[in-house]
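From just these sequences and the hints, can you work out the full model?
2 protein chains.
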Amino acid sequence: MTSPTDYRFLKACRGEPVDATPVWFMRQAGRYMKEYRALKEKYSFLEMCQTPELATEVTLQPLKPLGVDAAIIFADILLPLEPMGTGLEFIKGDGPSIPRPVRTRKDVENLRPVNSEEQLGYVGQAIKLVRQEIEGKIPLVGFAAAPFTLCSYMVEGGKSSEFKITKLLMYEEPETWKLLMEKVSTVLIDYLKMQVAAGAQALQIFDSWIGCVTPEDYREYILPYCQKVMNALKDLDVPVINFSTGTSSMLDVIAQAGGDVMSFDWRINIDQARDVIGWDKPVQGNMDPVVLFAPIPVIKKRVNDIMQRVGGKPGHIFNLGHGILQHTPVDHVKAVVDMVREYKHGG
Amino acid sequence: MTSPTDYRFLKACRGEPVDATPVWFMRQAGRYMKEYRALKEKYSFLEMCQTPELATEVTLQPLKPLGVDAAIIFADILLPLEPMGTGLEFIKGDGPSIPRPVRTRKDVENLRPVNSEEQLGYVGQAIKLVRQEIEGKIPLVGFAAAPFTLCSYMVEGGKSSEFKITKLLMYEEPETWKLLMEKVSTVLIDYLKMQVAAGAQALQIFDSWIGCVTPEDYREYILPYCQKVMNALKDLDVPVINFSTGTSSMLDVIAQAGGDVMSFDWRINIDQARDVIGWDKPVQGNMDPVVLFAPIPVIKKRVNDIMQRVGGKPGHIFNLGHGILQHTPVDHVKAVVDMVREYKHGG
Numbered sequence: 001m002t003s004p005t006d007y008r009f010l011k012a013c014r015g016e017p018v019d020a021t022p023v024w025f026m027r028q029a030g031r032y033m034k035e036y037r038a039l040k041e042k043y044s045f046l047e048m049c050q051t052p053e054l055a056t057e058v059t060l061q062p063l064k065p066l067g068v069d070a071a072i073i074f075a076d077i078l079l080p081l082e083p084m085g086t087g088l089e090f091i092k093g094d095g096p097s098i099p100r101p102v103r104t105r106k107d108v109e110n111l112r113p114v115n116s117e118e119q120l121g122y123v124g125q126a127i128k129l130v131r132q133e134i135e136g137k138i139p140l141v142g143f144a145a146a147p148f149t150l151c152s153y154m155v156e157g158g159k160s161s162e163f164k165i166t167k168l169l170m171y172e173e174p175e176t177w178k179l180l181m182e183k184v185s186t187v188l189i190d191y192l193k194m195q196v197a198a199g200a201q202a203l204q205i206f207d208s209w210i211g212c213v214t215p216e217d218y219r220e221y222i223l224p225y226c227q228k229v230m231n232a233l234k235d236l237d238v239p240v241i242n243f244s245t246g247t248s249s250m251l252d253v254i255a256q257a258g259g260d261v262m263s264f265d266w267r268i269n270i271d272q273a274r275d276v277i278g279w280d281k282p283v284q285g286n287m288d289p290v291v292l293f294a295p296i297p298v299i300k301k302r303v304n305d306i307m308q309r310v311g312g313k314p315g316h317i318f319n320l321g322h323g324i325l326q327h328t329p330v331d332h333v334k335a336v337v338d339m340v341r342e343y344k345h346g347g
Numbered sequence: 001m002t003s004p005t006d007y008r009f010l011k012a013c014r015g016e017p018v019d020a021t022p023v024w025f026m027r028q029a030g031r032y033m034k035e036y037r038a039l040k041e042k043y044s045f046l047e048m049c050q051t052p053e054l055a056t057e058v059t060l061q062p063l064k065p066l067g068v069d070a071a072i073i074f075a076d077i078l079l080p081l082e083p084m085g086t087g088l089e090f091i092k093g094d095g096p097s098i099p100r101p102v103r104t105r106k107d108v109e110n111l112r113p114v115n116s117e118e119q120l121g122y123v124g125q126a127i128k129l130v131r132q133e134i135e136g137k138i139p140l141v142g143f144a145a146a147p148f149t150l151c152s153y154m155v156e157g158g159k160s161s162e163f164k165i166t167k168l169l170m171y172e173e174p175e176t177w178k179l180l181m182e183k184v185s186t187v188l189i190d191y192l193k194m195q196v197a198a199g200a201q202a203l204q205i206f207d208s209w210i211g212c213v214t215p216e217d218y219r220e221y222i223l224p225y226c227q228k229v230m231n232a233l234k235d236l237d238v239p240v241i242n243f244s245t246g247t248s249s250m251l252d253v254i255a256q257a258g259g260d261v262m263s264f265d266w267r268i269n270i271d272q273a274r275d276v277i278g279w280d281k282p283v284q285g286n287m288d289p290v291v292l293f294a295p296i297p298v299i300k301k302r303v304n305d306i307m308q309r310v311g312g313k314p315g316h317i318f319n320l321g322h323g324i325l326q327h328t329p330v331d332h333v334k335a336v337v338d339m340v341r342e343y344k345h346g347g
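Which chain is which? The protein sequence lines are A and B, in order.
One point on numbering: in my numbering, the residue at position 254 of the first sequence is 254, and numbering is uninterrupted.
One point on numbering: in my numbering, the residue at position 120 of the second sequence is 120, and numbering is uninterrupted.
Honestly, I wouldn't trust all of these hints.
[Unchecked claim] Not the full set, but computed from the structure, chain A residues with beta-carbon under 10 angstroms of chain B:
1. E118
2. Y122
3. S208
4. V213
5. D217
6. S249
7. M250
8. A273
9. V290
10. F293
11. Y343
[Claimed, not checked] If you anchor each label on the Cβ, the simulated ranges turn out as follows:
12. K334/A - R37/B: 45 to 55 angstroms
13. E175/B - D235/A: 53 to 63 angstroms
14. K334/A - E220/B: 19 to 29 angstroms
15. Q272/A - N304/B: 39 to 49 angstroms
16. E175/B - R105/A: 53 to 63 angstroms
17. P295/A - N304/B: 35 to 45 angstroms
18. N231/A - R100/B: 54 to 64 angstroms
Derived by calculation from the structure, the hints in this document are not laboratory data.
Every residue gets a Cβ at the ideal spot worked out from N, C-alpha and C, and that includes glycine.
In structure tokens, the structure reads:
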């Protein structure tokens, strides 16, 4: 049984030397795996998230076949919306839909405070169950959305390409926007603390849609709330991963939010990103998820390119720049794990 | 009547001092204007593009109300697809659809060469008509897609979010991809030369979707063809604008393609972009199109921020980072023109 301080993944999060670069994937449990699809035929996505035994089963599904260095609890970034009172539905093929979007001061004032222990306790229970199953093998990552990403869903009522309603709320009613971000941050802090209390050994904060804003909008309307969340997690003694996409040109600004590890996408070479944010800051991510569909030699070239650019320097976690896509060949994902583990620097 | 060498817009494209910063907008003719919507009730989008008198009317629509410093010919980046043989349809609400996508070696081999003078001559005729109308007032910009953006539509069969089929063609069949890019580049060069022969006084090359690739993919699979197109336009003696979005972290790589002016989006501050690509290179773009929906004081703050960051240095064309969005208030667009024109550096 491995002591928590010896996990390769947690060591890399702390910038300590490791025997091999840790590797895991966002959405490593999901539709691309036949075991997941089999379960999905019997239960809805929300049922799977909200039933601890099912969430546990899904979390465990990829671990043995892939041999990854971390598990991530099966859940959804939008789960806090139900107790906040906006409603939450997943419509087949169309993704998430929020029946009562938040667009006015009154909507924001009506948002309900959340007691995560009581109202999102199913996530905590799943975390406890997964920990029992994987104890001593690999650590378990908990997660939540970052404030902007959660608010953008709440305001738009679902996915968006232009984020027009969200940005206009920021511009037209900055006080309403700030109250919304404040309320959401409070919920996220409580939710993340609950996950750590239940046994999460690291946290990832997903700012999946933040790449739509300007650096100055980020500073003015978003950064203070990201900092608030990150600061509140400091005492928990678990590493926190600051994840974003589409932010390659403003990683220095995003890094000001805090977090122990910066996770970014493929629109920048990983060594150039480390030049910007500083080589002492651990990093994660970077491979384009589409590359996993490519022939093995192409995948290998990409993996090797990333590994070579990092040059064996500490504080590197191999991952994609975003989640695994539907229909990704499972054996290609497994191949990446092997490539990363077998890579020899200077070899 | 202004001599061509005196146009504010063309001077800025050449990096020469100007009396006021030139300003125009991508999609300045379009659905946000009631004059356009009135015409659109009688004709389809393709009819409007392909009938020189209608394209001329639409091109002229925004010029007086807005008072912009350049006209851009009303056309669509996908028009060359029809003569190439893939078909082209615009489905209400769903955007463009390509009935016969290009996905195999055979598909690429079957693409037909294009004689732009004959097969896309309606664009040239519209250019001639517009020139007669605006001669001596403002210059006219012609345009085409960049090779990657056009190829991505051809391969995906329409718009895409992941560009999976396009990237996999690159990765799995690089020779097929290169033949496709070669053929498309040849068509684009002929098409752009025809536009200049007809009277276009500047050209803009739209690489609207290039922000989905890694810097290294750009270098290997895309850059040589962008360079080929840009090089072929050098002798035409008109400035060429190299437009892209989502590329803020790799503007140095995109700039290697060539072009006299770099046009980029809002994900980077304009002064930082100029630091990267060099202050001697003229620039365009940068304002988030969503800001045009915001209250006037918010718009003014943004305009002033951009103007202040450029600091009155030559080679600046004010524009958005992408096209004007549907439902944008026309008076807000006009207000931006006035703000730019009235801005006093150091004032």
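Verification of the supplied hints:
no. : hint                                : verdict
1   : E118                                : violated, 37 angstroms
2   : Y122                                : violated, 31 angstroms
3   : S208                                : violated, 13 angstroms
4   : V213                                : holds, 8 angstroms
5   : D217                                : holds, 8 angstroms
6   : S249                                : holds, 3 angstroms
7   : M250                                : holds, 7 angstroms
8   : A273                                : holds, 8 angstroms
9   : V290                                : holds, 5 angstroms
10  : F293                                : holds, 6 angstroms
11  : Y343                                : violated, 18 angstroms
12  : K334/A - R37/B: 45 to 55 angstroms  : holds, 54 angstroms
13  : E175/B - D235/A: 53 to 63 angstroms : holds, 57 angstroms
14  : K334/A - E220/B: 19 to 29 angstroms : holds, 26 angstroms
15  : Q272/A - N304/B: 39 to 49 angstroms : violated, 31 angstroms
16  : E175/B - R105/A: 53 to 63 angstroms : holds, 59 angstroms
17  : P295/A - N304/B: 35 to 45 angstroms : violated, 51 angstroms
18  : N231/A - R100/B: 54 to 64 angstroms : holds, 56 angstroms
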